[in-house]
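Assembly of the complex is requested from the two constituent chains, each provided in isolation within its own frame, with the hints serving as guidance.
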Amino acid sequence: QKEVEQNSGPLSVPEGAIASLNCTYSDRGSQSFFWYRQYSGKSPELIMFIYSNGDKEDGRFTAQLNKASQYVSLLIRDSQPSDSATYLCAVSNGNKLVFGAGTILRVKS
Amino acid sequence: KAGVTQTPRYLIKTRGQQVTLSCSPISGHRSVSWYQQTPGQGLQFLFEYFSETQRNKGNFPGRFSGRQFSNSRSEMNVSTLELGDSALYLCASSLEGQVAGAIEEQYFGPGTRLTVT
Chain A
1 QKEVEQNSGP LSVPEGAIAS LNCTYSDRGS QSFFWYRQYS GKSPELIMFI
51 YSNGDKEDGR FTAQLNKASQ YVSLLIRDSQ PSDSATYLCA VSNGNKLVFG
101 AGTILRVKS
Chain B
110 KAGVTQTPRY LIKTRGQQVT LSCSPISGHR SVSWYQQTPG QGLQFLFEYF
160 SETQRNKGNF PGRFSGRQFS NSRSEMNVST LELGDSALYL CASSLEGQVA
210 GAIEEQYFGP GTRLTVT
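Chains as they are written, first to last, in the numbering used here: chain A, 1 to 109; chain B, 110 to 226.
If you're looking for bench data, these hints aren't it; they were derived computationally from the structure.
There's no promise every hint is true.
Said to hold, decoys possible - In the DSBU-like style, the derived pairs of lysine-lysine whose C-alpha atoms are separated by at most 30 Å in a straight line are:
(1) B:Lys166 x A:Lys96
(2) B:Lys122 x A:Lys56
(3) B:Lys110 x B:Lys166
(4) A:Lys2 x A:Lys96
(5) B:Lys110 x A:Lys96
(6) A:Lys108 x A:Lys96
(7) B:Lys166 x A:Lys2
(8) B:Lys166 x B:Lys122
(9) A:Lys56 x A:Lys96
(10) B:Lys122 x A:Lys42
(11) B:Lys110 x A:Lys56
(12) A:Lys42 x B:Lys110
(13) A:Lys42 x A:Lys96
(14) A:Lys42 x A:Lys108
(15) A:Lys56 x A:Lys67
(16) B:Lys166 x A:Lys67
(17) A:Lys2 x A:Lys42
(18) A:Lys96 x A:Lys67
(19) A:Lys2 x A:Lys67
(20) A:Lys56 x A:Lys108
(21) A:Lys56 x A:Lys2
Stated by the list, open to error - Over the 10 Å line for every Cβ pair with chain A, so calculated as not near, a few chain B residues:
(22) Ala111
(23) Thr162
(24) Ser179
Glycine included, C-beta positions come from ideal geometry on N, C-alpha and C.
In isolation and in its complexed conformation, chain B is listed as follows (with noise of 0.2 Å):
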C-alpha cells in the first residue's frame, strides 16, 4: 500500500505572496491532519480533517486553511506569508482519526519545506 504523499516538496516564496500544498492520505485513511515543523517550536499541530469538514483546529491564525476533498485528499493554503512560516509543513494520515474517543496512530507524509524569503 503507498505512504502519504505531499506535493510539491520544496518551495520558496516571498513575503506576502500566498502558497498551496497537497497530500494524499494513505488508501482508505478518511482522516487527514497537518502540522507545522520549526526548530524552535517543534511539532504543532494546525488543524485536522475528516469527512470533508476540520473537525479540530490548533492555534494558527486564519491565515492557516485548509480543505479536503471527497477522495479525502487534502490541501493546505497559507495566505500573506511571513517569514516566520518557513518550516517543514507535514501531513499525516489516519483510517479515522480517533476510536473509542482515542487519537489512532498517524503516519506522515515526507513533508513540504517551504522557505519564505
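So here's chain A without its partners, still in its complex pose (with noise of 0.2 Å):
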C-alpha cells in the first residue's frame, strides 16, 4: 500500500461546476496535510494545507479532513479553465513529506 494514494484522473468537469478531489494515507499519526496545484512544466503551488479534523475553506476552495478514515479531500468550487492543473496532496509522516502522484483536473469551458 502507498503511503500517500490519489487516482490519477483525468478528473473532468464544466466551467462553473464543483470539482472533488480524493486523497488517502496511511500513517496514522499524521498531523499536517497540504494540497499543491501543478501546472505543466511549473513547481507545485502550495494552495491549501490543513493540520485539525474537519474543513478549511479559503476562497473557492475548501480542504476536509477525516482522521478516522484517513482521507483528505480537496473542493474547488466554480470551477474555472485555469483551474486545470495536476493536484497533488501531500502528507507528513514522521519528519517529511510524502507527495501523492497527483490528480489531473481538466475543467472543460
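Written out as C-alpha cells, the structure is:
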C-alpha cells in the first residue's frame, strides 16, 4: 500500500461545477496535510493546508480532513479553465512530507 | 516578499560528472528541503536542512548530498551522475520546518531541470 494515494484521473468537470479531489494516507500519526497545484512544466504551488480534523475554506477552495477514515479531500467551487492542472496531496510522515502521484483536473469551458 | 529562487534553471551534464544546484529560501525561512521529481516516481524527498545541519534524509544514495549556509541558502550536490538522475530538482522552504511536531507548509522554488546524457 502506498503511503499517499490519489486517483490519477483525469477528472473532467464543466466550467462552474464543483471539482472534488480525494487523497487517502496510511500513517495514522500524520499531523499535517497539504494540497499543491502544479501546472505542466511548473513547480508545485501551495493552495491549502490543514492540521486538524474538519474543514478549512479559502475562497473557492475547501479542504476536508477525516483522520478516523484517513482521507483528505479538496473541493474547488465554480471551477475555471485556469484550474486545469495536476493536484498533489502531501501528508506528513514522521519528519518529512510524502506526496501522492497527483490527480489531473481538466475544467472544460 | 521574494519567493524561493533556484539556480541554474536548466542544466545538461554527462554521465559520471558532478553537479551543484543552489537554492535561496524565502527571507526569514530557516528550513530548506530538497525533492526530486520524475514522471515515474513523482515527488520524492531528498533531505532537509535547518540551522546548517541536515535534519532529515530520504532514501537516496550517498551520491546525493547537500549543505546549508549561515544565511539559510542551500546547495545540493550530485556526484557521479547517472542517466536516472535526470529529473526536476525542487527546493522548498519553510519558517522552521516543524511546529509542535507537525511539518509546516513549504513553498517551492521554480526548480532546476537536470538532464544527464
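Going down the list of hints, with the structure as the test:
Restraint check: the Cα-Cα separation between Lys166 (chain B) and Lys96 (chain A) comes to about 8 Å, which is no more than 30 Å; the hinted pair holds. A hinted pair counts as satisfied when its Cα atoms are at most 30 Å apart, and Lys122 (chain B) with Lys56 (chain A) does not qualify at roughly 44 Å. About 29 Å separates the Cα atoms of Lys110 (chain B) and Lys166 (chain B), which keeps this hinted pair within 30 Å; it holds. Between Lys2 (chain A) and Lys96 (chain A) the alpha-carbon distance is near 15 Å, which keeps this suggested pair within the 30 Å criterion.
Between the alpha carbons of Lys110 (chain B) and Lys96 (chain A) the distance comes to roughly 26 Å, so the proposed pair stays at or under 30 Å and holds. The hinted pair formed by Lys108 (chain A) and Lys96 (chain A) fails the criterion: a straight-line CA distance of about 35 Å is larger than 30 Å. This hinted pair checks out: Lys166 (chain B) and Lys2 (chain A) have alpha carbons roughly 19 Å apart, not beyond 30 Å. A threshold of 30 Å between alpha carbons decides the hint, and for Lys166 (chain B) with Lys122 (chain B) the separation of about 25 Å falls inside it, so the pair holds.
The hinted pair formed by Lys56 (chain A) and Lys96 (chain A) meets the criterion: a straight-line CA distance of about 22 Å does not exceed 30 Å. Between Lys122 (chain B) and Lys42 (chain A), the direct Cα distance comes to roughly 21 Å. Compliance with the 30 Å bound is thereby established for this hinted pair. Only pairs whose Cα atoms come within 30 Å are accepted, and Lys110 (chain B) paired with Lys56 (chain A) is accepted, the gap being roughly 25 Å. Between the alpha carbons of Lys42 (chain A) and Lys110 (chain B) the distance comes to roughly 20 Å, so the proposed pair stays at or under 30 Å and holds.
In summary, the hint linking Lys42 (chain A) to Lys96 (chain A) is supported, as the alpha carbons are separated by about 22 Å, within the 30 Å threshold. For the suggested pair Lys42 (chain A) and Lys108 (chain A), the alpha carbons sit about 21 Å apart, so the restraint of at most 30 Å is met. For the suggested pair Lys56 (chain A) and Lys67 (chain A), the alpha carbons sit about 14 Å apart, so the restraint of at most 30 Å is met. In summary, the hint linking Lys166 (chain B) to Lys67 (chain A) is supported, as the alpha carbons are separated by about 26 Å, within the 30 Å threshold.
Pair hint Lys2 (chain A) plus Lys42 (chain A) holds up; C-alpha atoms about 25 Å apart against a cutoff of 30 Å. The suggested pairing of Lys96 (chain A) with Lys67 (chain A) holds, with an alpha-carbon distance near 18 Å, which does not exceed 30 Å. Distance restraint check for Lys2 (chain A) and Lys67 (chain A): the Cα-Cα separation of roughly 17 Å lies within the 30 Å cut-off, and the hinted pair is therefore satisfied. Restraint check for Lys56 (chain A) and Lys108 (chain A): the C-alpha separation of about 26 Å stays at or below 30 Å, so the hint holds.
Proximity of Lys56 (chain A) to Lys2 (chain A) is assessed by CA-CA distance (about 26 Å); at most 30 Å being required, the pair is judged to hold. Consistency note on Ala111 (chain B): stated as away from chain A, and its beta-carbon is indeed over 10 Å from all of that chain's, at 15 Å minimum. The claim that Thr162 (chain B) is not at the interface with chain A holds, since no C-beta of that chain comes within 10 Å of its own (minimum 13 Å). At the 10 Å boundary, the C-beta of Ser179 (chain B) stays outside the reach of chain A, the nearest C-beta of that chain being 23 Å off.
Comparing the model with each numbered hint stated earlier shows that hints 2 and 6 do not hold.
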